[in-house]
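Going line by line, the protein sequences match chains B and Y.
To convert, note that position 4 of the first sequence is 4 in UniProt numbering; the numbers rise steadily by one, no gaps.
To convert, note that position 430 of the second sequence is 430 in UniProt numbering; the numbers rise steadily by one, no gaps.
Because the hints were derived from the structure by calculation, they are not lab data.
On a predicted model such as this, the values are computed, not experimentally measured, just so you know.
Incorrect hints may appear among the rest.
Computed list of lysine-lysine pairs in DSSO-like fashion (alpha-carbon distance at most 30 Å, straight line) [to be verified]: (1) Lys134(B) with Lys184(Y); (2) Lys164(Y) with Lys184(Y); (3) Lys406(Y) with Lys368(Y); (4) Lys134(B) with Lys89(B); (5) Lys98(Y) with Lys134(B); (6) Lys180(Y) with Lys164(Y).
Residue strings, one per chain:
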Amino acid sequence: MGRIAALTRNPVMIALVAMLAVAGCASKKTPNSAADLGLNGAGAATPGSAQDFTVNIGDRIFFDTDSTSIRADAQTTLSRQAQWLNQYKQYAIVVEGHADERGTREYNLALGARRAAATRDFLVSKGVSASRLKTISYGKERPVAVCDDISCWSQNRRAVTTLSGAGS
Amino acid sequence: MKSILKPLLMIAAMAMGMTAAGTLPALALVELNVNKGNVEPLPIAITDFQGGDALGAQISQIVTADLKRSGLFAPIDKSAFIEKIANPDATPRFDDWKVINAQALVTGSVSKEADGRIRAQYRLWDTFAGQQMAGEQFFANDANQRRVAHIIADAIYERLTGEKGYFDTRVVFIDESGAKNARKKRLAIMDQDGANVRYLSDGRSIVLTPRFSPNRQEITYMSYESGQPRVYLLQIETGQRELVGNFPGMTFAPRFSPDGQKVIMSLLRDDGNSNIFAMDLRSRSTTRLTNSTAIDTSPSYSPDGSKVVFTSDRGGRAQIYVMGADGSGQTRISFGDGVYSTPVWSPRGDLIAFTKQSGGEFQIGVMKTDGSGERILSSGFQQEGPTWAPNGRVLMFFRDSNGGPKLVSVDLTGRNEQPIPTSNFASDPAWSPLLE
Numbered sequence: 001m002g003r004i005a006a007l008t009r010n011p012v013m014i015a016l017v018a019m020l021a022v023a024g025c026a027s028k029k030t031p032n033s034a035a036d037l038g039l040n041g042a043g044a045a046t047p048g049s050a051q052d053f054t055v056n057i058g059d060r061i062f063f064d065t066d067s068t069s070i071r072a073d074a075q076t077t078l079s080r081q082a083q084w085l086n087q088y089k090q091y092a093i094v095v096e097g098h099a100d101e102r103g104t105r106e107y108n109l110a111l112g113a114r115r116a117a118a119t120r121d122f123l124v125s126k127g128v129s130a131s132r133l134k135t136i137s138y139g140k141e142r143p144v145a146v147c148d149d150i151s152c153w154s155q156n157r158r159a160v161t162t163l164s165g166a167g168s
Numbered sequence: 001m002k003s004i005l006k007p008l009l010m011i012a013a014m015a016m017g018m019t020a021a022g023t024l025p026a027l028a029l030v031e032l033n034v035n036k037g038n039v040e041p042l043p044i045a046i047t048d049f050q051g052g053d054a055l056g057a058q059i060s061q062i063v064t065a066d067l068k069r070s071g072l073f074a075p076i077d078k079s080a081f082i083e084k085i086a087n088p089d090a091t092p093r094f095d096d097w098k099v100i101n102a103q104a105l106v107t108g109s110v111s112k113e114a115d116g117r118i119r120a121q122y123r124l125w126d127t128f129a130g131q132q133m134a135g136e137q138f139f140a141n142d143a144n145q146r147r148v149a150h151i152i153a154d155a156i157y158e159r160l161t162g163e164k165g166y167f168d169t170r171v172v173f174i175d176e177s178g179a180k181n182a183r184k185k186r187l188a189i190m191d192q193d194g195a196n197v198r199y200l201s202d203g204r205s206i207v208l209t210p211r212f213s214p215n216r217q218e219i220t221y222m223s224y225e226s227g228q229p230r231v232y233l234l235q236i237e238t239g240q241r242e243l244v245g246n247f248p249g250m251t252f253a254p255r256f257s258p259d260g261q262k263v264i265m266s267l268l269r270d271d272g273n274s275n276i277f278a279m280d281l282r283s284r285s286t287t288r289l290t291n292s293t294a295i296d297t298s299p300s301y302s303p304d305g306s307k308v309v310f311t312s313d314r315g316g317r318a319q320i321y322v323m324g325a326d327g328s329g330q331t332r333i334s335f336g337d338g339v340y341s342t343p344v345w346s347p348r349g350d351l352i353a354f355t356k357q358s359g360g361e362f363q364i365g366v367m368k369t370d371g372s373g374e375r376i377l378s379s380g381f382q383q384e385g386p387t388w389a390p391n392g393r394v395l396m397f398f399r400d401s402n403g404g405p406k407l408v409s410v411d412l413t414g415r416n417e418q419p420i421p422t423s424n425f426a427s428d429p430a431w432s433p434l435l436e
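One chain only, chain B, in its complex shape:
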């Protein structure tokens, strides 16, 4: 592959690739919740609160490069989300679709939209009412991770389920 050839010209990148390869084995377990990402301590949130959703359920899923299919690990997360959302019906839901920076701006707006729609459709298939769900694409305009390497890009290729429309 051209990319590998380009990478192997650069020893620093080789080290990085090796590291990622190792990380890749360990991580069928990509971070799927804010807790995994170290954003917050679990357990403290009131059941049914937005914090409960983010911390204990996991508000985001991740995608492979240029892909919109819902991975197995993401299906687990979304099933958990659907169960929670079906329990706490007071929330309206906006699914945000995002892309990494390895694509052009306009294409990535479309890609983010497709990821948001795929996520929405999965939640609907698990019983969440379509009327509660909206989608929005941010393309590559709202990265969460801001370095210039593969580990960052994988965190930015995401769909985030956000809650609105109810108290707490």
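Place chain Y on chain B using the hints.
Okay, now just chain Y, sitting in the frame of chain B:
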């Protein structure tokens, strides 16, 4: 808002002098051939314009910078000049200029008229033929000093290359500031050389992909201001904004038709795919041009309005397609090794510029309108979004490095790459037509 584009210029041009411009046979001293090997830039001496206090030197400096950045001219350092021009209307001592190898010489003057206007005049001399090639004078409002210089640079460029220049133009772009995960994005407009930046939005909402109308007074762009990202029109002079169409989902990737009567753009479908529509701005009627379960985006009209080039991933990965302006005959034209997007039709009609991702790099390139003759002009880690200078000889795009995007221009030879100075990060440039 202060006038940016409008009555800007009350420029009156008239041919001057011993040999009036246009009466000589068109004699191009610079040959434009993008397929040739090294094009030797033409050595040219641009003397300080006489009069106008510092203004004369400033005009000369702007003309020099324009011509130099084109890559077609090699302005000679002033310290090498032998003859001190005392009277810009008198025949210069050609031998003094030949000996420093100045093949062309520019003299000129600037003065303030009683009514406050500026009068600028220039003469262009062919030193080896020993004759004047062109001479014109212009009147301008005080606020348009830089434009006068750009117009003179365009006149010199045209006389020496046989093609229209592109210096009296503007660029709309996205000004970006702040951390990468909290970027403030503002619509901005500036002269093509980076001067006279003005902001057209306040940065509260994400704005993207501004593009000029052929009438130069209007831009179309995408904004998140209503919550859902949508395409808008903005009158540059008045600041008046207007939503384009009333669609339930996201609209994006807008561009004007060459007659300015339509906006072509992508609409998000409920299934998550995107199709291309054209909206007539007078009748408000929309026409669907593509209907695929794929991403169809980044549409761009051919300059005669008969065709549209666009990006689609209907074949698996993003590639470039061409169709009739009514959506007929959709045909893939890119077949290289990589992913292609952001195609933009050249104003000359002969080429399509694009962004290509290949081998871990982002490349800016051009191909013929049937997809043949692909040439990569610039490669980098992260760069995209070419826009054409109105003469179809230069592209501007944005390159992300050192923490954020900056604007870069490259000519069709690919050998002359130039940074466009902006005080903040900058992306999504779109070049205006030549101003009027």
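Query raised in the report: Between Lys134(B) and Lys184(Y), is the straight-line Cα distance small enough, at 30 Å or below?
Result: holds (25 Å)
Query raised in the report: Do the alpha carbons of Lys98(Y) and Lys134(B) lie within 30 Å of each other, as the hint requires?
Result: Status violated; Cα separation ~72 Å.
Query raised in the report: Straight-line Cα separation of Lys180(Y) and Lys164(Y) no greater than 30 Å?
Result: violated (39 Å)
Query - Restraint status (C-alpha distance of Lys164(Y) to Lys184(Y) at most 30 Å) - result: violated (36 Å)
Report task. With a cut-off of 30 Å on the C-alpha distance, tell me whether Lys134(B) and Lys89(B) pass. Result -> Distance ~15 Å between Lys134(B) and Lys89(B) Cα, so the pair holds.
Query raised in the report: Straight-line Cα separation of Lys406(Y) and Lys368(Y) no greater than 30 Å?
Result: Within the cut-off at roughly 27 Å; holds.
The structure fails hints 2, 5, 6 (numbered hints given earlier, in ascending order).
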